[in-house]
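Can you build the whole structure from these sequences, using the hints too?
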Amino acid sequence: MSSKNAIDTGKLLEMQKRMLRIRLFDERASKMVKRGYIPGTVHTSIGQEAQVVGACMALEKGDHICGNHRSHGHPIGMASPLGPLMAELVGKATGVCKGKGGSLHLADYAVGSLGESGITGSSIPISVGAGLSAQVLGEKRVAMCFFGDGAANQGVLYESMNLASAWKLPVIFLCENNHYALSTPAHTVTGGRIVDRAAGFGMPGVRVENGQDVIEVYDAVSAAVARARAGDGPTLVEVMTYRFREHSEGLRINVDYRNAEEREFWLSRDPIQIFRRYLTENEFFDDVTMDQIETDIAQEVEDCATFAIESPDPEMHVAFEDLYSDAYELEEAL
Amino acid sequence: MSVMTYIGAIGAAQHEAMVADERVVIIGEDVEANVYGTTGESKQRAESGDFVQQFGKKRIRNTPISEEAIVGAAIGAAMTGLRPIVDLSYSSFLYMAMDQFVNQAAKNRYMFGGQSSIPVVFRSAMFYGLNTGAHHSDRPYPMFMNVPGLKVIAPASASDAKGLLRTAIDSNDPVLTFEAVPIWGLKEEVDDNEYWIPFGVARTRREGTDCTVVGISGSLPLALKAAKQLEDRYSVEVIDPRTLVPLDSNSIIESVKKTGRLVIAEPAHRTCGAAAEIAAIVAEAAQPYLKAPIIRVTAVNMQIPFSPALEKFMYPTTEKIAAAIKTVCSA
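Protein chains in written order, with numbering that gives the first Met the number 0: chain A, 0 to 333; chain B, 0 to 330.
These aren't lab readings, by the way, just hints derived from the structure by calculation. As the structure is a prediction and not an experimental result, all values here were calculated from the model. Yeah, the Cβ is synthetic: ideal placement off N, Cα and C, and Gly gets one too. Warning: the hint list may mix true and false statements.
DSS-like mimics (lysine-lysine), calculated; alpha carbons at most 27 angstroms apart, straight line [to be verified]:
#1 Lys167(A) with Lys56(B)
#2 Lys167(A) with Lys57(B)
#3 Lys227(B) with Lys186(B)
#4 Lys10(A) with Lys60(A)
Pairwise CB distance ranges (calculated) [claimed, not checked]:
#5 Arg244(A) with Val200(B): 51 to 61 angstroms
#6 Phe319(A) with Tyr288(B): 27 to 37 angstroms
#7 Leu136(A) with Gly36(B): 27 to 37 angstroms
#8 Gly190(A) with Asp191(B): 49 to 59 angstroms
#9 Gly36(B) with Gly249(A): 52 to 62 angstroms
#10 Tyr94(B) with Arg244(A): 31 to 41 angstroms
#11 Gly36(B) with Asp231(A): 33 to 43 angstroms
This is the structure:
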């Protein structure tokens, strides 16, 4: 677990805090789905916190990310405030997208989150474009796209990897391999290893075997970020992880596509517990501090839920805004 | 003023925009070699005016044949500071990138509550009537009119092509411009200075009182010819909407209120075409003024055959438009 990078203790603590935020935010969201506060569909990142936070914390201010349907973790990983994210899930006026995006389409441009995509693989070329603008404008930023083992079989990934490699763009292709595209085991629909596909495009491919370890993810992504920022082009990073909950909240699948033994194996590899142990056993922090941040973040999540529930619904005119940068469509709509 | 071809005017607009704003880049297949004649002042690379020589390969970029990635990357680049012009060459190639047009370009600004701005232009040319067969002859602009969030323009003259393209490049929204190859060589007096033509403003090309003809894209010059042929018998008003989204409905409605008759000519397929939309708008807004049923002159709902003996019958012609004018005017 010990890092190749010298990570200051403040950053270590921040990693744990962001993982806790994702965990508690998504647990809370799951309850709010059951209680009817959150309409529509919700995909939690519970179990994948190390993969998300390790990747996001390897970035700097000004960098960009694009994401996918399992979407809450990415902006939280970039330190987006929880209130407007939860309000978005509930569909309120105070939502980060004014209540027009929902769980599948969070975006917080203030932290570099260019938007999550409900269409599998669809946001991948968007990140390539963010890399292109950085290169043309001579800005030292990088872009990272998150996609799953499912999206790894979309053709657009390979067009994007080729373009990024041919133009040496500062892009990190981050495959969140949680082993299942909904109920379909990745190995049954995937030829070879995803990471090995990098070689075909002349870029490095790195696989993080223990994606439950935030430091291992952080180190691998940091190397890819350094390479991108130096102008040496893109990297494919495949992180092996697992979602602890069902594909989406409320989904009932009668076939036991993930057996108990496998689930046990992964549940015993809880990224938050692993990292807490690491931080206390190596005496970075004591249990009192760790308990305190858990209490603090539980309160933060409680507050974001209250904020979301108590916020007003959007007013109807909002449905007719933001389609275009100018307002001509209103006339026809109303 | 100089006399310019339609394709020359597009090249001139691109050149002006490249000079005016360093954020403008041109990406597409074969743009470096100026294969289609819009990335150099002359088709001959060796002559002066070559875009690569002037602006460098950082801003004039050949792409791989990967429409989905090109379109997606242009959207992402637009969201993060560039103002890309994407040359997709043939309009039929747009389908390869449908997800990016419909799910990203059109939706991101709205879905993210106005956080994104997507200043990108997608140029493509409709190579119809040129015996290229069904895979290269499409006129698919109505499909994109059906996607809220996209702006769709279809200039039909050199001066409009230049001014509309400048406005498209300056727009903070994704714009698809459909260029009609049969009129690439059409010449017009064009202002050498920079100018911008606003979207949503139709151009009345000919005033008249008996019948309104709306001519779209490559059908506009045919409509003008038909009106000219019939000028001794009928006073025909010819309107070019120029931009389809936004559409200047008011100008068309006002014209129909004056003439009481409407013919709409366009090279796209009949079902759910721009002509169908305009007919519906006029029926809703000005039905009591109509003295005759509206007539659409469009491509037939059929794929495009290769043989010149067959293809020429598939699209509107001057004769078909003239016949429609006679029909509505004799009603």
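Could you work out which of the previously given hints the structure breaks and list their numbers from low to high? none
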